[in-house]
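S.K.: Using full-length UniProt numbering, the first residue of the sequence shown is number 1, and each one after it goes up by one.
Check before you lean on any hint, since a few could be wrong.
[Unchecked claim] Quick list of in silico lysine-lysine cross-link-like pairs, BS3-like style, CA-CA up to 25 Å:
{"no.": "1", "residue 1": "K60", "residue 2": "K70"}
{"no.": "2", "residue 1": "K192", "residue 2": "K123"}
{"no.": "3", "residue 1": "K123", "residue 2": "K9"}
{"no.": "4", "residue 1": "K123", "residue 2": "K12"}
{"no.": "5", "residue 1": "K35", "residue 2": "K17"}
{"no.": "6", "residue 1": "K18", "residue 2": "K81"}
{"no.": "7", "residue 1": "K203", "residue 2": "K90"}
{"no.": "8", "residue 1": "K84", "residue 2": "K25"}
{"no.": "9", "residue 1": "K18", "residue 2": "K70"}
{"no.": "10", "residue 1": "K90", "residue 2": "K60"}
{"no.": "11", "residue 1": "K25", "residue 2": "K203"}
{"no.": "12", "residue 1": "K25", "residue 2": "K81"}
{"no.": "13", "residue 1": "K203", "residue 2": "K175"}
{"no.": "14", "residue 1": "K90", "residue 2": "K18"}
{"no.": "15", "residue 1": "K192", "residue 2": "K60"}
{"no.": "16", "residue 1": "K200", "residue 2": "K175"}
{"no.": "17", "residue 1": "K90", "residue 2": "K35"}
{"no.": "18", "residue 1": "K175", "residue 2": "K84"}
{"no.": "19", "residue 1": "K70", "residue 2": "K25"}
{"no.": "20", "residue 1": "K60", "residue 2": "K35"}
{"no.": "21", "residue 1": "K173", "residue 2": "K192"}
{"no.": "22", "residue 1": "K111", "residue 2": "K35"}
{"no.": "23", "residue 1": "K12", "residue 2": "K111"}
{"no.": "24", "residue 1": "K192", "residue 2": "K70"}
{"no.": "25", "residue 1": "K70", "residue 2": "K84"}
{"no.": "26", "residue 1": "K17", "residue 2": "K60"}
{"no.": "27", "residue 1": "K173", "residue 2": "K82"}
Keep in mind that the hints were calculated from the coordinates and are not lab data.
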Amino acid sequence: MTNNILSVKNLKVTFGKKTNPPTLKGISFVAPEGKILGVVGESGSGKSITSLAILDILGKSAHIEAEEIKLDGIDFFNLPKKQKRNYLGKTISYIFQDALNALDPTYTIGKQIIETLQVHHPKKSVREYEEMAVELLEQVGITEPRSRLDYYPHQLSGGQLQRIMIGIAISSKPKILIADEPTTALDVIIQKQIVDLLLKIQKENNMTMIFISHNLALISEISDHIIVMSQGEIVEEGSVSDIFLNPQQEYTRALISSLPQFAKNLEPIKLANKN
């Protein structure tokens with residue numbers, strides 16, 4: 001029996017006044033241990049807001065409500081914010097979609113990696129931290145890793161920066177990794193390399209991964225289970241075959257019909273004729 005390492009029930013997010021219409025309208029889902037959960041939907045559907053709300057890092061303007069957010073058996077939602085920090089990075093980690101903006105341009109790559117290592121692996125020597133940083137860069141496929149520690153973000157390519165973000169995210173060996181559009185603004189070849197790297201890390205560590213994307217073809221290729229979101233709601237969810245062979249919602253059928261070719265050699269699904 002597969003354990004659910006993350007359970008979310010009736011999650012709502014409202015920005016500004018609490019009386020404003022909610023942006024996230026009461027969603028519920030689970031993420032099984034060691035599996036890949038794909039979250040797909042067009043821009044503005046609520047994909048990123050969902051993950052940021054779970055981590056409680058949306059900012060002061062966001063009002064977050066939920067019946068439950070359970071993380072690795074812990075009642076995460078009701079923990080004080082200070083205690084939640086103990087789990088961020090260590091139990092659940094996040095890869096932001098824009099690595100250049102996520103990294104601090106005024107600090108070297110090495111300093112930023114080592115700062116993260118110091119939080120999750122305290123009381124080591126400077127030399128030990130440097131060696132750990134080099135090992136991380138090697139793990140995510142950065143060439144000449146030792147010299148890259150002295151580079152600043154603007155000196156590296158988008159693909160290299162995304163690999164470094166992945167390295168930082170996995171430095172504490174989290175049980176859950178949220179990858180939020182991790183291939184945005186990368187060319188096709190680099191996109192494939194990044195996805196292959198994430199799948200390799202997920203498999204080697206038996207890690208739960210929540211992969212967020214607007215690319216349904218990609219989601220279908222890598223996921224064990226798919227959630228389809230639209231306008232702040234989950235409109236459909238199921239296995240890859242459920243979603244592609246027997247979609248229940250018009251929105252899902254529209255997403256599938258927009259694909260130039262269908263993943264996993266599934267037959268095209270046409271929108272129902274309303275005439």
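S.K.: Indicate, hint by hint, whether the structure satisfies it.
M.R.: Results of checking the hints against the structure:
1. K60 with K70: holds, 22 Å
2. K192 with K123: violated, 37 Å
3. K123 with K9: Violated: K123 and K9 sit about 38 Å apart, past 25 Å.
4. K123 with K12: violated, 40 Å
5. K35 with K17: violated, 37 Å
6. K18 with K81: Since the Cα atoms of K18 and K81 sit roughly 20 Å apart, the hinted pair holds (cutoff 25 Å).
7. K203 with K90: With a Cα-Cα distance of about 18 Å, the restraint between K203 and K90 holds, given a limit of 25 Å.
8. K84 with K25: Holds, because 23 Å separates the two Cα atoms, which is no more than 25 Å.
9. K18 with K70: holds, 24 Å
10. K90 with K60: holds, 24 Å
11. K25 with K203: Roughly 33 Å separates the two Cα atoms, so the pair is violated.
12. K25 with K81: Holds. K25 to K81 sits at ~23 Å (cutoff 25 Å).
13. K203 with K175: Within the cut-off at roughly 12 Å; holds.
14. K90 with K18: violated, 32 Å
15. K192 with K60: violated, 36 Å
16. K200 with K175: Roughly 15 Å between the alpha carbons, so the hint for K200 and K175 holds.
17. K90 with K35: holds, 18 Å
18. K175 with K84: holds, 15 Å
19. K70 with K25: Roughly 19 Å between the alpha carbons, so the hint for K70 and K25 holds.
20. K60 with K35: Roughly 32 Å between the alpha carbons, so the hint for K60 and K35 is violated.
21. K173 with K192: Measuring from Cα to Cα gives roughly 23 Å; hence the hint holds.
22. K111 with K35: violated, 32 Å
23. K12 with K111: Distance of about 37 Å is beyond 25 Å: violated.
24. K192 with K70: violated, 32 Å
25. K70 with K84: holds, 12 Å
26. K17 with K60: holds, 11 Å
27. K173 with K82: Given pair K173, K82 holds - Cα atoms ~21 Å apart, limit 25 Å.
This entry does not satisfy hints 2, 3, 4, 5, 11, 14, 15, 20, 22, 23, 24, going by the numbered hints stated previously.
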